[in-house]
Amino acid sequence: DAGVTQSPTHLIKTRGQQVTLRCSPKSGHDTVSWYQQALGQGPQFIFQYYEEEERQRGNFPDRFSGHQFPNYSSELNVNALLLGDSALYLCASSLKGLAGVYNEQFFGPGTRLTVL
Amino acid sequence: GQQVMQIPQYQHVQEGEDFTTYCNSSTTLSNIQWYKQRPGGHPVFLIQLVKSGEVKKQKRLTFQFGEAKKNSSLHITATQTTDVGTYFCAGPRSSGAQKLVFGQGTRLTINP
Numbered sequence: 001d002a003g004v005t006q007s008p009t010h011l012i013k014t015r016g017q018q019v020t021l022r023c024s025p026k027s028g029h030d031t032v033s034w035y036q037q038a039l040g041q042g043p044q045f046i047f048q049y050y051e052e053e054e055r056q057r058g059n060f061p062d063r064f065s066g067h068q069f070p071n072y073s074s075e076l077n078v079n080a081l082l083l084g085d086s087a088l089y090l091c092a093s094s095l096k097g098l099a100g101v102y103n104e105q106f107f108g109p110g111t112r113l114t115v116l
Numbered sequence: 001g002q003q004v005m006q007i008p009q010y011q012h013v014q015e016g017e018d019f020t021t022y023c024n025s026s027t028t029l030s031n032i033q034w035y036k037q038r039p040g041g042h043p044v045f046l047i048q049l050v051k052s053g054e055v056k057k058q059k060r061l062t063f064q065f066g067e068a069k070k071n072s073s074l075h076i077t078a079t080q081t082t083d084v085g086t087y088f089c090a091g092p093r094s095s096g097a098q099k100l101v102f103g104q105g106t107r108l109t110i111n112p
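Chains as they are written, first to last, in the working numbering: chain A, 1 to 116; chain B, 1 to 112.
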């Protein structure tokens with residue numbers, strides 16, 4: 001059973017460019033969340049997708065957008081890259097819980113994005 | 001907004017010594033999760049605590065959830081080199097929410 005997979009593993013871009021990161025959730029999971037982790041910091045929630053819709057969003061600008069496909073895989077897009085966008089981008093999958101139930105998240109290995 | 005703070009930020013111990021990291025939330029949490037991230041790796045789920053005053057053990061690891069559900073701790077007894085990594089606590093943004101607010105983590109290093 002494959003866990004969460006992400007591609008690419010590393011990426012180098014220049015300021016102003018656009019980037020797309022991809023994530024395949026753990027088998028059987030229907031919810032995908034994206035996090036940004038700067039060096040030495042905890043992961044920061046970007047947004048979450050369930051049933052192909054963005055359900056929750058963190059404090060990130062509109063330059064960050066995403067998509068979820070019918071097979072539950074997901075993409076994170078970042079436009080007009082800034083130097084400060086350099087970070088490890090983590091995808092986490094989980095099962096949508098019932099109200100008040102919170103399920104553990106399985107993280108992928110991440111994509112290391114460097115913006116020059 | 002909700003904040004989750006962890007102390008200490010760094011901890012260096014001799015192998016065999018105990019280790020504790022503390023997590024404090026600015027708001028009451030419906031539950032709290034703990035994750036471990038090895039150097040160069042990704043966060044791996046350790047445990048979830050839900051009930052006020054709950055204590056759970058996993059071998060040498062003991063997790064506690066405060067009575068007021070605003071703080072938590074992770075204690076490792078007799079550390080081993082395999083315990084090296086950063087330990088994060090995380091709580092949901094609001095009750096039933098599926099997004100987590102992570103603390104900044106406690107980085108544990110061990111002298112063999």
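For the record, the hints were derived by calculation from the structure and aren't laboratory data. Quick reminder that beta carbons are idealized off the backbone N, C-alpha and C, glycines included. Treat the hints with care, as some may be off.
Claimed, not checked - Here are the computed lysine-lysine pairs in the DSS-like style, where the Cα-Cα straight-line distance is at most 27 Å:
#1 B/Lys70 with A/Lys13
#2 B/Lys59 with B/Lys36
#3 B/Lys57 with B/Lys70
#4 A/Lys13 with B/Lys56
#5 A/Lys13 with B/Lys57
#6 A/Lys96 with B/Lys51
#7 B/Lys70 with A/Lys26
Said to hold, decoys possible - Quick list of the computed label-pair ranges, beta carbon to beta carbon:
#8 A/Gln18 with B/Gly16: 24 to 34 Å
#9 B/Val50 with A/Pro8: 34 to 44 Å
#10 A/Gly16 with B/Val55: 30 to 40 Å
#11 A/Lys13 with B/Gly53: 21 to 31 Å
#12 A/Ser65 with B/Gly40: 38 to 48 Å
#13 B/Ile47 with A/Asn71: 29 to 39 Å
#14 B/Gly40 with A/Asn77: 21 to 31 Å
#15 A/Ala80 with B/Arg38: 28 to 38 Å
#16 B/Gln14 with A/Ala80: 40 to 50 Å
#17 B/Thr77 with A/Asp62: 26 to 36 Å
Verification of the supplied hints:
1. As the CA atoms of lysine 70 of chain B and lysine 13 of chain A are separated by approximately 41 Å, the hinted pair breaks the 27 Å bound.
2. For the hint pairing lysine 59 of chain B with lysine 36 of chain B, the CA-to-CA distance comes to about 15 Å; that is within 27 Å, so the pair holds.
3. For the proposed pair lysine 57 of chain B and lysine 70 of chain B, the alpha carbon gap of about 20 Å is at most 27 Å, so the pair holds.
4. Proximity of lysine 13 of chain A to lysine 56 of chain B is assessed by CA-CA distance (about 44 Å); at most 27 Å being required, the pair is judged violated.
5. Between lysine 13 of chain A and lysine 57 of chain B the alpha-carbon distance is near 44 Å, which puts this suggested pair outside the 27 Å criterion.
6. Of the pairs offered as hints, the one joining lysine 96 of chain A and lysine 51 of chain B holds, with about 21 Å between alpha carbons and a cut-off of 27 Å not exceeded.
7. For the hint linking lysine 70 of chain B to lysine 26 of chain A, the alpha-carbon distance of about 31 Å lies beyond 27 Å, and the restraint is violated.
8. For glutamine 18 of chain A paired with glycine 16 of chain B, a C-beta distance near 51 Å fails the hint of 24 to 34 Å.
9. One distance hint, 34 to 44 Å for the beta-carbon pair valine 50 of chain B and proline 8 of chain A, holds here, with the actual separation near 37 Å.
10. Between glycine 16 of chain A and valine 55 of chain B the beta carbons are some 52 Å apart, a value that contradicts the proposed interval 30 to 40 Å.
11. At roughly 48 Å, the beta-carbon separation of lysine 13 of chain A and glycine 53 of chain B lies outside the given 21 to 31 Å, and the hint is violated.
12. Taking the beta carbon of each, serine 65 of chain A and glycine 40 of chain B are about 28 Å apart, not inside 38 to 48 Å as hinted.
13. For isoleucine 47 of chain B and asparagine 71 of chain A, the hinted distance range of 29 to 39 Å is satisfied, since their beta carbons lie about 30 Å from each other.
14. Checked against the hint of 21 to 31 Å, the C-beta distance between glycine 40 of chain B and asparagine 77 of chain A comes to roughly 26 Å, which is consistent with it.
15. For the pair alanine 80 of chain A and arginine 38 of chain B, the beta carbons lie near 33 Å from each other, so the given range of 28 to 38 Å is met.
16. In this structure, glutamine 14 of chain B and alanine 80 of chain A meet the distance hint of 40 to 50 Å, their C-beta atoms being roughly 49 Å apart.
17. Between threonine 77 of chain B and aspartate 62 of chain A the beta carbons are some 47 Å apart, a value that contradicts the proposed interval 26 to 36 Å.
Taken one by one, the earlier hints fail for this structure at numbers 1, 4, 5, 7, 8, 10, 11, 12 and 17, listed in ascending order.
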